[in-house]
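Chemist: The whole structure should be built from the sequences, with the hints applied where relevant.
There are 2 protein chains.
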Amino acid sequence: MRPTLTDVARLAGVSVATASRALSNPDLVADSTRRAVRDAASSCGYKINLVARSLRIQRTDTIMVLAPHIDDAFYPAILASIEETAMALGYAVMVGFTAKSEKHRAAYAELLFNGRVDGMLVMDGGTGVDRFSGPKPELPVVQLFDRIYDSGVPTVGVDDRVVADLAVRHLAGNGHRRIGHIAGPAAIWRLAERRRGFVEAMERLGLHADSGQIAACDGSWESAAQAMTQLLAHPQPPTAVFCATDTMASAALAVCRQHGLAVPRDMALIGADGTVDAARSYPALPTVHVPRAEIGGRATEMLIGLIRGHGGLAGDTILPVELLPRGNPAPKHAAAAA
Amino acid sequence: MRPTLTDVARLAGVSVATASRALSNPDLVADSTRRAVRDAASSCGYKINLVARSLRIQRTDTIMVLAPHIDDAFYPAILASIEETAMALGYAVMVGFTAKSEKHRAAYAELLFNGRVDGMLVMDGGTGVDRFSGPKPELPVVQLFDRIYDSGVPTVGVDDRVVADLAVRHLAGNGHRRIGHIAGPAAIWRLAERRRGFVEAMERLGLHADSGQIAACDGSWESAAQAMTQLLAHPQPPTAVFCATDTMASAALAVCRQHGLAVPRDMALIGADGTVDAARSYPALPTVHVPRAEIGGRATEMLIGLIRGHGGLAGDTILPVELLPRGNPAPKHAAAAA
DNA sequence: CTGAAAGCGCTTACAG
DNA sequence: CTGAAAGCGCTTACAG
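Chains as they are written, first to last, in the working numbering: chain A, 1 to 338; chain B, 1 to 338.
The hints are simulated quantities; they were obtained by calculation from the structure and are not laboratory data.
A pair holds if it fits inside one copy or across any two, identical chains being indistinguishable in the list.
Here are the simulated DMTMM-like pairs of lysine to aspartate or glutamate, each with C-alpha atoms no more than 25 Å apart in a straight line:
{"hint": "1", "residue 1": "Lys103", "residue 2": "Glu84"}
{"hint": "2", "residue 1": "Lys103", "residue 2": "Asp39"}
{"hint": "3", "residue 1": "Lys103", "residue 2": "Glu138"}
{"hint": "4", "residue 1": "Lys103", "residue 2": "Glu301"}
{"hint": "5", "residue 1": "Lys47", "residue 2": "Asp7"}
{"hint": "6", "residue 1": "Lys100", "residue 2": "Glu222"}
{"hint": "7", "residue 1": "Lys100", "residue 2": "Glu110"}
{"hint": "8", "residue 1": "Lys103", "residue 2": "Asp71"}
{"hint": "9", "residue 1": "Lys100", "residue 2": "Asp71"}
{"hint": "10", "residue 1": "Lys47", "residue 2": "Asp61"}
{"hint": "11", "residue 1": "Lys47", "residue 2": "Asp27"}
{"hint": "12", "residue 1": "Lys100", "residue 2": "Asp218"}
{"hint": "13", "residue 1": "Lys103", "residue 2": "Asp218"}
{"hint": "14", "residue 1": "Lys103", "residue 2": "Asp72"}
{"hint": "15", "residue 1": "Lys100", "residue 2": "Glu294"}
{"hint": "16", "residue 1": "Lys100", "residue 2": "Glu301"}
Modeler: Right under this line is the structure:
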């Protein structure tokens with residue numbers, strides 16, 4: 001059998017209370033006692049049972065992360081920074097991927113309600129789940145990027161209309177006037193924001209956002225490629241396209257190649273997020289960088305702050321985004337178009 | 001306060017024992033009792049406390065996954081299939097990324113020893129960690145891809161020498177004789193295997209594996225790009241390169257472009273793993289497909305089988321790999337070289 | 001079919 | 001500085 005604290009106490013000749021203190025709160029016991037208990041613990045290979053500890057102290061030091069999926073260029077970096085921050089603060093991380101079904105999400109939410117985790121980070125707004133079923137969680141929750149809850153749940157993210165604005169202004173600044181957009185599904189809040197931001201930015205510039213120049217996709221590479229194909233089939237195709245994500249931009253680039261269009265000479269593209277999909281494309285594509293790692297870290301700090309009762313930390317946090325131009329020269333007929 | 005089983009029992013007018021049975025083991029109580037307890041539970045918003053349950057039944061229904069990192073094209077799909085399989089079998093998943101430091105790995109191993117998880121999936125052989133510090137874990141562990149333990153710990157993976165063999169034979173079959181290799185770090189077991197497999201395959205084909213035609217990198221895209229640059233600087237550069245991973249192949253492709261080399265006309269490339277890095281390159285690169293999702297699923301089933309005491313399931317599992325040629329024509333001077 | 005009791009392995013007031 | 005006792009919230013033999 002695995003040794004318990006009782007075994008250690010017996011070996012060291014002290015009470016379990018003292019053994020517990022010697023191990024978890026060393027300052028409370030005499031030097032000699034501490035040594036004796038530690039020796040006893042290591043001699044019998046004692047390992048604390050954290051489940052028992054959790055039950056007693058009423059916390060698990062574990063947080064849950066909900067993401068729609070993990071298999072793309074966007075989410076992994078965020079999960080990595082969440083994990084790193086959590087570990088630095090003494091928390092373990094459980095993950096749940098919820099794109100598969102509503103049932104998955106409900107099952108994971110249960111873990112929060114069932115006391116297995118102390119709080120939850122949600123970044124699965126993109127699954128079209130609008131809110132938890134049942135009562136609003138009383139337990140700490142922080143959402144990333146997408147506003148899943150109406151209010152009361154702090155968000156860490158960026159202003160996605162600004163993302164779109166920077167992208168559109170970059171293209172317009174290079175002389176483009178017929179600018180298209182590959183949009184994500186309306187169910188993904190941040191991508192819907194980018195679409196709205198695209199239309200607003202075009203209007204501010206006095207450019208018409210022709211709905212025929214906006215093609216929606218489900219966010220996947222393959223689906224974005226179809227959207228680009230659709231844009232190119234337009235009688236007057238755009239000379240530049242703002243793709244809602246770098247992954248979509250990378251797909252659009254592939255389609256341009258198939259059509260014999262050189263990028264950016266024949267078609268200018270810009271993505272968003274700042275993932276490797278933009279950086280490793282050839283040519284590297286301009287993008288609007290979203291500080292995903294920082295968002296993950298901040299959200300984790302905020303969540304743990306809430307768990308620990310530092311409510312003061314809570315509140316929406318909007319981090320700045322940045323245009324990474326990577327040189328996207330003017331369109332062929334920029335002079336004429338301008 | 002959160003209602004406990006005691007509250008439910010009182011509301012329903014039964015003992016806590018009966019309340020527990022009604023909720024967790026409904027067959028053991030009378031219909032009317034079951035209904036009364038369920039009504040009581042829902043009326044007060046009772047949620048079971050899984051921590052207390054875990055302490056009592058001595059299992060957590062949670063597994064731990066150790067990966068070096070998550071931010072690439074290789075690991076996410078595996079984690080996704082692990083999570084999916086685990087959830088289907090009623091297990092939650094905790095993650096730990098261990099590339100940062102030995103301390104991280106030790107901290108996560110503690111969770112296993114400390115009873116917070118029932119078993120562990122390790123796929124962080126690539127961090128150069130050779131084994132757990134301390135005694136070999138008595139708890140269920142299954143390793144993926146890399147052999148971290150000498151023995152006694154089952155592995156689910158592929159034969160990486162076969163991976164290399166398929167790749168080399170593909171290139172040789174297209175007439176190449178001067179074949180180079182971009183190798184991963186020796187610390188990553190499976191990449192070291194691929195390197196050994198490369199040398200063996202070359203010998204079997206009567207081709208010389210010139211050590212000057214092998215360039216090692218740390219596995220990152222950037223580092224692989226340097227390795228390719230190095231190969232091209234060779235007085236007699238290879239006409240084809242087997243890159244140990246698709247990510248490396250994608251980096252090699254970028255370098256070829258910089259050097260004005262058309263792929264595959266001027267330089268044939270093949271990667272391995274079968275990730276999007278190969279499929280979304282332009283041109284799409286040939287690769288040797290490693291069934292990562294299936295490996296994740298199988299390993300998870302095996303681990304949970306071990307946890308549940310079905311020891312019979314354990315044992316190494318080697319899954320087949322498959323060449324995805326995607327057309328890689330002969331080198332320019334194939335006739336002369338052959 | 002149901003209840004009283006023990007116990008999973010810890011921590012922490014309370015008293016000394 | 002240390003110990004006896006209570007208790008975190010469940011489950012499960014045991015007895016009826």
